[in-house]
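Participant: Full structure from sequences and hints, please.
2 protein chains.
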Amino acid sequence: MPRISNRAKTMPPSPIRKLVPFAEAAKKRGIKVYHLNIGQPDIPTPEVMMNAFRNHEIKVLEYGHSGGLWEYREGLVKYYRRHNIHVSKEEILVTTAGSEAIIFAMLATMDEGDEMIVPEPFYTNYNGFAVEAGVKVVPVTCRAEDGFALPPDAEIRAKITPRTRAIMICNPNNPTGYVYRLEEMNRLRALVLEHDLFFFSDEVYREFVYDGKKHHSVLHLEGLDDRAVLLDSISKRYSACGARVGCLVTHNKDILESALRFGQARLCPPTMEQLAALAAVDTPQSYMDAVFNDYNRRRETVFNALGKIPGVVGQKPSGAFYTVVKLPVDNADRFCRWLLEEFDDKGETVMLAPANGFYATPGLGDDEVRIAFVLNSAAMERSMEILKKALQAYPGKRIA
Amino acid sequence: MPRISNRAKTMPPSPIRKLVPFAEAAKKRGIKVYHLNIGQPDIPTPEVMMNAFRNHEIKVLEYGHSGGLWEYREGLVKYYRRHNIHVSKEEILVTTAGSEAIIFAMLATMDEGDEMIVPEPFYTNYNGFAVEAGVKVVPVTCRAEDGFALPPDAEIRAKITPRTRAIMICNPNNPTGYVYRLEEMNRLRALVLEHDLFFFSDEVYREFVYDGKKHHSVLHLEGLDDRAVLLDSISKRYSACGARVGCLVTHNKDILESALRFGQARLCPPTMEQLAALAAVDTPQSYMDAVFNDYNRRRETVFNALGKIPGVVGQKPSGAFYTVVKLPVDNADRFCRWLLEEFDDKGETVMLAPANGFYATPGLGDDEVRIAFVLNSAAMERSMEILKKALQAYPGKRIA
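Protein chains in written order, with this note's numbering: chain L, 1278 to 1677; chain Z, 1278 to 1677.
Calculated from the structure, these hints are not laboratory results.
Do not take every clue at face value.
Just so you know, same-sequence chains aren't split out, so a pair can sit in one copy or run between any two.
Each computed EDC-like pair below joins lysine to aspartate or glutamate, with the alpha-carbon atoms no more than 20 Å apart [what the hints assert, rightly or not]:
(1) LYS1286 / GLU1534
(2) LYS1413 / GLU1389
(3) LYS1336 / ASP1559
(4) LYS1666 / GLU1392
(5) LYS1593 / ASP1531
(6) LYS1436 / GLU1389
(7) LYS1413 / ASP1388
(8) LYS1336 / GLU1348
(9) LYS1665 / ASP1473
(10) LYS1295 / ASP1531
(11) LYS1593 / GLU1392
(12) LYS1623 / GLU1301
(13) LYS1304 / GLU1339
(14) LYS1295 / GLU1339
(15) LYS1305 / GLU1367
(16) LYS1665 / GLU1397
(17) LYS1666 / ASP1607
Facilitator: Next up, the structure:
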């Protein structure tokens, strides 16, 4: 029997999804599972978007342009303008979800063995895309005790080699919720200019920045037209994760032209979803405000509750809808599995994402989990109650 | 300014889409363009499928399972059973179009520099996926004069090296319309067993086999459970190219498990489209029959017309809705561009796909084009009339 590939063996299982079989088994036993492991919000998708599916008059569901439907790209120009990001429709390549935008950015700028510096913890699937693209992710470690702020320049410079091609951030950050300050963005700007690198910024949580802070897009920075690549998705913005519509935005024509050729090979992103995404550009501000307030409330709920659990260490994040916290357990992987296999409180348990999968440095995050604020406040409150009881009952608990 | 990657430079433009700017310019000049360059049929998508979008009751457009919605996979089990292909739902991985199924199959079984033997001419985007995956496509040449039948075993064996990992066919073939005979499938079966290779079969045109011939799926062959991988898509079956729903089907658990990990990185295929694809499984047979008869009629129309154009060489294909024919021109690339830039007949012209992009061997196909039977018979007839006049007017014509 022919063997599978080495990269298939190397390809990491998703830390977000690898425990799914245990969750499925728990549900079969009649246990209710609160899913805080995945960024799948319970927020309704805007009506204007879901109605676009209902009201279509399409007879032939045709291929679209490989770079995305032009009318949708025009809609995106309008959307970005509201966020003070000024691009033309030719500078936007619509992709099948943010995932594809990331892969195309890697393929267009990096060859097998090239390196990309990423602050860790980072969105775990960057690892998977890097394996697919044969690219090496080089982490610079952000620390829980610093609230996951960018480490000093010297630590980043120490990671730059002749194979380094890009620095990539997620801002606001998944999994930490960290929002990069202007000073940090300018430090990264200086570094990419000094070392002739690309600057990739995954900004899918742009809408979710709390405490009156401001979001700084990579495309707000000056003098980076050839280097800045914005990677985006509508999944979180409109609570439309299943739509699989993202985009790559840059002023760099070589990247656009290269990415389009990768795009031509797969022909086009889904047509109906792009039409729905176009409709979503006109989502009422009242919806956006309500969603923002809802996430903000959930964040408060979670941190109020976490503050009352002995041994839990974490800071309230300023963005996105995640937090990474240290738990008083021997091993977060074991604890998360135990929650699904052996624990319940009145027939209910919680599913969390072990955080080690969000680090590239071995050994980091072994006692950390990512919690997603994706359920309504009552469910979040109940989840935190379950977590508290579980931490009391867990055989591998560490007494602080 | 940092440079783009070597693979981006290597990535071939799609021969199907590279002339699009010239077509757009022609349209701006008021010219009507008959698109025979792309497999985008004018056939209406089944009502049952388009109604699935209209009739949804989804409030939150959620992520689905990374391997595809289970209910859709059950629908596919039923669909395949009708084609005498017996698989369980766990043996099906739903992908974002057939493109992703091909990439996942490559990534799961081949490493950088590994080789895959493909009869040429072949679906041009295999080249693009191979660049993305760092895999080398090794062609074995099928000849127009043999009707594009599989060459003798000796020619295939001569291409096998220690790096060869798979043989891949498209059956019925795009671009030639060739349908592999059982004897040919059995020869390939013996070769993959003898040389310990995988056997990939792209069968997206399964429904379109004419002249009473029979389609032989790779999953009909015995003793290949570990080697056979079926790659599929609903794009052509239901004239739903914009839906981007495909799948990978195999009995090999290692491939399924590996491909799922690549799938987890991109989270899931589009949800609404999978629900529509599920509805499409129950497309009435009367629709399928009508579409089949329509394509068959178009094929007759094209070959009746081509037979009357001096110097055109080609055989009527038994499957799919394409043909590759030799034209009496100096260079098909130049001719196809000239059709869009300089020629029109009463304000109308045709767009064809130069066939050299469907070959991996340099120099082959330089005087060949792929014609897609994707327009109704009247439009196909008019297109052939335009082609005939264009061949008379073309400055680079070769007098036979």
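Participant: Taking each numbered hint in turn, which are not upheld by the structure, reported in ascending numerical order?
Facilitator: 4, 5, 9, 11, 16
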